[in-house]
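K.L.:
Protein chains in written order, with the working numbering: chain A, 7 to 358; chain B, 22 to 341.
Some hints here could point you the wrong way.
[As the list claims (entries may be wrong)] Cβ-to-Cβ under 8 angstroms is the rule here; a few derived chain A residues that face chain B:
hint, residue
1, Ser60
2, Ala74
3, Glu107
4, Asp245
5, Glu269
6, Cys285
The hints are simulated quantities; they were obtained by calculation from the structure and are not laboratory data.
Since this is a predicted model, take the numbers as computed values, not measurements.
Ideal Cβ positions, reconstructed from N, Cα and C, are used throughout, including at glycine.
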Amino acid sequence: MNFANRHLLRWGAALSALLLLAAACGGDDDRDAPATTAAPANGDAPAPEGLSGSIEVSGSSTVEPITALVAEKFNSANPGVGISVEGPGTGDGFQRFCAGETDISDASRPIKDSEAEACAEAGVEWVELKVAFDGISVLTSPENDAVSCLDTGDLYALAGAESEGFSSWSDANGLAAELAAAGLGGSGAPYPDAPLVITAPGEESGTFDAFVELALEDITEERGQDEPTRVDYQASANDNVIVDNVSSNPTSFGWVGFAFFAENSSVLKAIEVDGGDGCVTPSIDSIADGSYPLSRPLFIYVSLSRMTDNPALGPFVDFYLGDGLSSVAEAGYVTLPDDEVSATKAAWAGAG
Amino acid sequence: MTARTMGTPVTQEMIRRALEGRKVNIINPLVALLLLISLLASLAILVVLLWDVVAKSMPVWQERGWSVITNDLSPRPAETGMIQGIFGSVMLTVIVVVLSFPLGVAAAIYLEEYARDTRLTRLLVANIRNLAGVPSIVYGLLGLSVFVKLILEGMVGQVSGRTLIAGGLTLSMLVLSIMVITTQEALRAVPLAIREASFGVGATPWQTIRHHVLPVASPAIFTGSVLTLARAFGESAPLLLAGAVLSTFFAAPEGTPITDLVLGEKYTALPIIIYNWSRQPQQEYVALTAAAIVALLVILLVVNAGTILARDALERRNRM
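Just chain B, same shape as in the assembly:
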């Protein structure tokens, strides 16, 4: 039994009964019905969308099989493939996880658990919320001017700073504020009583956070982070500005080590490939675009399902 269900809900339920008595309520089922209809409507849109892309992509899977996944990009639609985009997207996500997850969680812990409620703190929190609402293209401009031009081409001295690391840094900035907010909410949902009990037996703030607050909040932090990462995975606008290659052909020199593919070579990402294929003149690209969308969705679903399983495992462990 988690702490969340202790105390308040019981009294609320008692108050409600006392106030309403045994009157028959028709508004309630009506509202429930309307809400159900809205749910079904949004599900219907999803089903239609999925059906449309899957049906359009079928010819590609039948004719090309796995080669459409495993081939490099080619200007010939019959030979092209999306492996470069999948590699780019996966590496971008790894960079985003490594950078923004620890930073975002740490910032949220500071704001929720340590920072005193001063005017400055409130200003900071308000600004983080504003940042989360900034359109992603603006982060693309930031990525281009700061990471690509100033740091990589200026300070590091690369000929071209349009590399995976620049894209990863840009996406990290994009999701950082969202990461802070979701973590803040998760921490806020941890009942104060838990902290008070921990302090009561003489634990330090850090011991309280480490052993009591974080374990309770971690499933929610986890879920929030995954949704955030899924967003980063599907972004294309900031990457277009921050230098992802929008092309039907690019190749790194053969035998380039992976560190160099990340730090010094050109890259592309799956959403970029989808965008580029959708604007090609040849008819074959209609099915290819659908296939790339299906690939993107499948990867996202697998990642999401994986995290849900991991989160449930985490929750079970915490309950014990």
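So that you can see chain A by itself, here it is in the shape it has in the complex:
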């Protein structure tokens, strides 16, 4: 492979094109072809039996650690393949994915209809592969003894659209009573009379979307509200900022992905969540068996359109779904049960 020369040539071509532009002499890439063939191949040119090419992954910051571990293992077995793994957020990831810029998009929620449309318009075909589970941990400070279990009604009363302006936990008492009367939960009330300081992920985050969907959406619709959450809380894209803020304030409130809670469980308290079947603590077991209400699947989306040009992509996904899945536990997430693994592999086999 003679990338260096090709890039240099193209650069040369582009620069001369720029220079010639003034002389109204639109340069083109014609000279590329003879020059490339004329240039003798590098000494190591004969295609090795190993793979070559490069793979670009973007998307959810929650899934990034898993894919990064898989990528590192794959790269050490196939050093000829360049890989980059980024985590700007699920939404940003799909934007680039559907523009055809990335090979794989990590996602902490399924693709939205609008995003799927963008993909279809750009002619990007994809397959969705479930790779792990994650739980959203609802947090407060370990010093906060007054709150230990909340149901979805409580979460709505404290963080939903109608909670805007509540600066103390007890401000939500009235709303919780209203919800309880309507049979929408709110069993955690009355709440302590203490400042309610919320730090949580912002809208760009898949964790935000998942929290809205799993905890708030039903009640938001029931109550005829438009906003997915209250807007007057401190939003941060940096999960460490959330952890810091929640742990440093005794009556704080917030939510992050389970991995972040697990790494910082000494300075945080996870509030149990009642999804209708009693209070459940987020743990690897309760997330894997689905008894923890705020758990969600994590996905990778593979661009089938890039498969043809990129011989390394197929083997990478094969590796991901084989040896790679051991990285899920390593990254602090919950592994899929065996039947789900088979389902994912079947989806991949059907697509590839």
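Add chain B to chain A, keeping to what the hints say.
P.N.:
This is chain B only, laid out in the frame that chain A set:
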């Protein structure tokens, strides 16, 4: 003796004495004291900051030694390293020096020495000053839309234009206006008498600039440029937009030649690594982030010290 100390200062001093007589001035020492306190306060902030990062990074140096510098990025905090970021930052700086130094100095020479003082010139100068005040993130947007999308992906036809050269071009744009301004100031500080003397013996404008103006101005140009480069070295916001990889793992195919690492591969930079490590969940990253900051500071200090030495050597040569 440089030309700067000739003439005016002596008369100023004489005028001051004549006006003030021998009155005892209490305002003066008071002001001096206040100024000293401000200096010490800013120094104290620096010392606290340095102490904080160095202390936080100590565990990393003790446990990992040089491997934290020389390893590639890894999703495992115990094995990760910052060499890819150091390589990226150094290459970015090289690109910025090669592009913006000659361009900026040339533009400044034209504005100061050749351009006539017309309305157009004044408009140009005002605009360059405005450009220097534009937030760096805006240059990042420029880099993304012009260098990454339009030129590299559009005209050159690369699959991904998020390469070192795109980042380097973006940073060059960012520092170019500052480079022009600092050079302008340096040229302006050269006394008119030197130019007049040179013209007086029949030198052309270019001969005057080449042999008389530039040698006198070069130490100041040098200092300005280094401060500007240090700024480019520490920038992260424009690079994030212009495509630097914000990641705990990326790798170029093994054996990629260096030209291709610059022109065709993904890259990251030291400030980007600092930002990324600071947002990782594992506790180990607190010390790792501090270590990366220390590395950044040490590189900057070494570069700055090197240039100060070089500048002094240059000044000594000019005096002779």
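K.L.:
If a hint holds in the structure, say so; if it doesn't, say that too.
P.N.:
Evaluation of the provided hints:
Annotation: serine 60 of chain A was flagged as interfacial toward chain B, and the flag holds, the nearest CB pair being 6 angstroms apart, inside 8 angstroms. For alanine 74 of chain A, the interface hint holds, the least distance from its beta-carbon to any beta-carbon of chain B being 4 angstroms, beneath 8 angstroms. A hinted interface residue such as glutamate 107 of chain A counts as satisfied when its beta carbon comes closer than 8 angstroms to some beta carbon of chain B; here the least separation is about 7 angstroms, so the hint holds. The restraint placing aspartate 245 of chain A at the interface with chain B holds, with a minimum CB-CB distance near 6 angstroms, inside the 8 angstroms limit.
The interface hint given for glutamate 269 of chain A holds, since its Cβ lies 4 angstroms from the closest Cβ of chain B, which is under the 8 angstroms cut-off. Look at cysteine 285 of chain A: its Cβ only gets to about 25 angstroms from chain B, farther than 8 angstroms, so that hint breaks.
When each numbered hint is compared with the structure, a violation occurs for hint 6 only.
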